[in-house]
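J.: With the hints as constraints, model all of the structure from the sequences given.
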Amino acid sequence: MTVPSAAVESRPVGALYADVVGQDLAVADLHAAARAPVHAYLLVGPPGSGKRAAARSFAASLLCRHGGCGQCADCRRALAETHPDLVVVERAAAFIRVDEAREITRMAVRSPLEGRYQVLVLVDFHLVDKAAPALLKTIEEPPPTTVFVILAEHLAPALVTIASRCARIDLLPVSADALAAQLRAEGVDEQTAREAAAASGGRMDRARLLASDPGITARLARWREAPRRLDGTGAAVASVVDELLASADATLEPLRGRQVAELEALASRARMAGERAIPGHSEVQARHRRELRRWRTDELRFGLAAMAGTYRDRLVSTSATGRPTAGWIEAIQAIQAAAAALDRNPNEALLLQGLALGLPPAVPLEVGVPPGAGGAHFRA
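Per our numbering, the sequence shown starts with residue 1010, numbered consecutively.
Since the hints were made in silico from the structure, they are not lab data.
For clarity, every value in this text was computed on a predicted model and none was experimentally measured.
Keep in mind that a hint or two might mislead.
[Unchecked claim] Computed beta-carbon distance windows for the label pairs:
#1 Asp1322 with Ala1286: 52 to 60 Å
#2 His1163 with Ala1082: 31 to 39 Å
#3 Thr1226 with Asp1186: 17 to 25 Å
#4 Gly1363 with Ser1277: 27 to 35 Å
#5 Arg1321 with Thr1154: 47 to 55 Å
#6 Lys1146 with Arg1278: 34 to 42 Å
#7 Gly1363 with Ala1082: 42 to 50 Å
Every residue, glycine too, gets a C-beta built ideally from N, C-alpha and C.
T.: Listed below in structure tokens is the structure:
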């Protein structure tokens, strides 16, 4: 297939970067960089800023034989993270290990299988820690056919030297309003767009899938009501946490359905080509497992944010009366700390149980009096 040069020049932002919302400057930088790529790029931005989607899109522009048409098999496979010359490296533990760094070094010296480049996307690189020295030389001087795209939430001390060898592109936090506006432009109704955007963790692909999920409103209510059901007992905590985890499990079904459809499409193409096995089947399954884990983590973060919103509402009403607010502030901080702890792949049940045991009920008998003020008692 031949794509006219004018189309190649006009399509990347609209087609390749459709999942990167609210990052016009970063997209422009990546679009320009694809014309004459250097050996390594560092994309820095908070969770939900679209770093991974931007990395996929940039990789597609490098792997596409037409300069980033957004239509060909190369682009589609890169955007789906199934292209053989796109390698996405994710940590297996809380930090990137030295043995993982050595594996990255081994992969970096491979030749591309199909095109001019191979692209190595290194996820969560702010957690590189002690593995950084093992990667410095590789990232600094990779083979001319290897391009690194490094993703980090912030510039950790261990990353400073590596960062100095990369072209840095910063991504900004993406507001729920920007995501909701994009969903509305795609035909989603106002309320669904707002709820899906709020639950998306800043990710456009997740927002789109949630917009077709009829259970999102009920899940939001379940998380917001959870603090009102706590009474300081283990029984209440166990009941609430079990329900919240079951709710998180249920959200995986739309994604699982999409993954099954992808595997069926791959199998169909393999049969049509006369192949006995699905090319890259194990890699696709590994990506699906990563997607499910990431989706579940995003769902828990969404739920914890909704839970914090309940305490924030209580904080506002309490502060308006001039009464002490420390208890509500501490509850919000504890929830935020639990959300941050999800980065370390904890036991989710234990994390939520420990959090819930320390949280006060959100409905005091004396309205507006926070926990710990004047020996007040609370009810669920």
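J.: Starting from the hint list further up, note which numbers the structure goes against and sort them upward.
T.: As far as the earlier hints go, only 4 is violated by this structure.
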